[in-house]
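Undergrad: Based on the hints, put chain B in the right spot on chain F.
Letter by letter, the chains look like this.
There are 2 protein chains.
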Amino acid sequence: MLAGRFSPSRFDPSAAVDDDTLGLLLEAARWAPSAGNSQPWGFFASRPGEPEHERVARHLAPSSGRWARDAGLLVVTSARRHIDDTRLLYSEFAEYDLGQAIAHMTVQAQALGLAARQFRAFDLDGLTGELRPNPGWAIISMIALGQAAEGPSKNRDRRSVADLLSAPWADGPQPLAAPAVGQNRPAVLP
Amino acid sequence: MLAGRFSPSRFDPSAAVDDDTLGLLLEAARWAPSAGNSQPWGFFASRPGEPEHERVARHLAPSSGRWARDAGLLVVTSARRHIDDTRLLYSEFAEYDLGQAIAHMTVQAQALGLAARQFRAFDLDGLTGELRPNPGWAIISMIALGQAAEGPSKNRDRRSVADLLSAPWADGPQPLAAPAVGQNRPAVLP
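As they're listed, the protein sequences go chains F and B. Numbering-wise, this note's numbering puts 125 at position 125 of the first sequence, and it's gapless, one number per residue. Add 190 to a position in the second sequence, counting from 1, and you land on the number used in this note's numbering.
Hint data in this document are derived by calculation from the structure and do not stem from the laboratory. Where a beta carbon is used, it is the ideal one built from N, C-alpha and C, also for glycine. Each hint should be verified, as a subset may be incorrect.
[To be verified] Okay, the calculated beta carbon distance ranges per label pair:
hint, chain 1, residue 1, chain 2, residue 2, range
1, F, D19, B, G303, 31 to 39 angstroms
2, B, E340, F, D123, 42 to 50 angstroms
3, F, D163, B, G316, 22 to 30 angstroms
4, B, Q300, F, D163, 23 to 31 angstroms
5, B, R248, F, K154, 44 to 52 angstroms
6, F, D20, B, G239, 44 to 52 angstroms
7, B, D208, F, D18, 49 to 57 angstroms
8, B, P325, F, R87, 39 to 47 angstroms
9, F, A121, B, A206, 39 to 47 angstroms
10, F, H53, B, G316, 48 to 56 angstroms
11, F, N37, B, L302, 22 to 30 angstroms
Pulled out of the complex, with its shape left as it was, chain F reads as follows (with noise of 0.2 angstroms):
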């Protein structure tokens, strides 16, 4: 299932996400890990139709705007960065939390036959006047979830694991066993 997931560059606009299926995707983000169980994330979520729809959307560049209205869900993701409006950091792992949030939440989606976009292509400085975050949280990105209109595209390219073990590593490649799944693997899907 990880490995078939992909973000579609478009969305099929007839699919609404319903209110049984936005709970799950938001209670799967919910039980995510983070460092202390700081749980340092937030959400903002619409649907077309919804009148917050469109004081989101209205935000979105002209790149995303042409695909990312059509998907049935978007969703603003924020992180808690600092105690109130302190300097002082609320997590220094609330980037990394907020990430492994977001997993959760795209795996839930493909898990019901639904994708996720990730995205930052908005005006963050726009969004953030408009949706006036609390001190403390940021707008990290956004998410567009739907019905994908199209397949993964042909040019799914990733690292291969032998590179995942060695690149960080001024030794150069780690003198590891060679997993099996990696090795035999593709770096490009069909």
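TA: Chain B alone, transformed into the frame defined by chain F:
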């Protein structure tokens, strides 16, 4: 599966992680989404009995040393924050995306009947000196993976779905139809 996941504080020292399992865990991480497919993640993986394992384990804090050595696999995670030795960001989403890759790894572990616990209780300076990350890379966290030697704790609290939707925003609760699932689910699971 996501709601049942938990981070154990004890692992079964007799349960080894074999090459196939290690391969699947890394493969799952590999296929995580990332900003512009930047894949800003890398790992140092070792298992008890391997020489590399002691290089990592000697930098565990006293607290994590009591349980992390028992796990069948220790993974040091790293993020590519900068472009080589410049101050230019490689990706502003490096840690967010690393979190996504780690979530994929923990979900894959759960699917294989294993458990994962992430932690920061180690000597970061000591481990950085030991593994010598390349310029631009930084060690972020460590993950113990293996067979849990205990069930979930009784206090698996999470913020409510309503709080996820309201806490970040100055205008208070978002007037969205309350999701059916989050609404009826207790915040504490048995």
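Undergrad: Are any of the numbered hints broken by this structure? If so, which, sorted upward?
TA: 7 and 8
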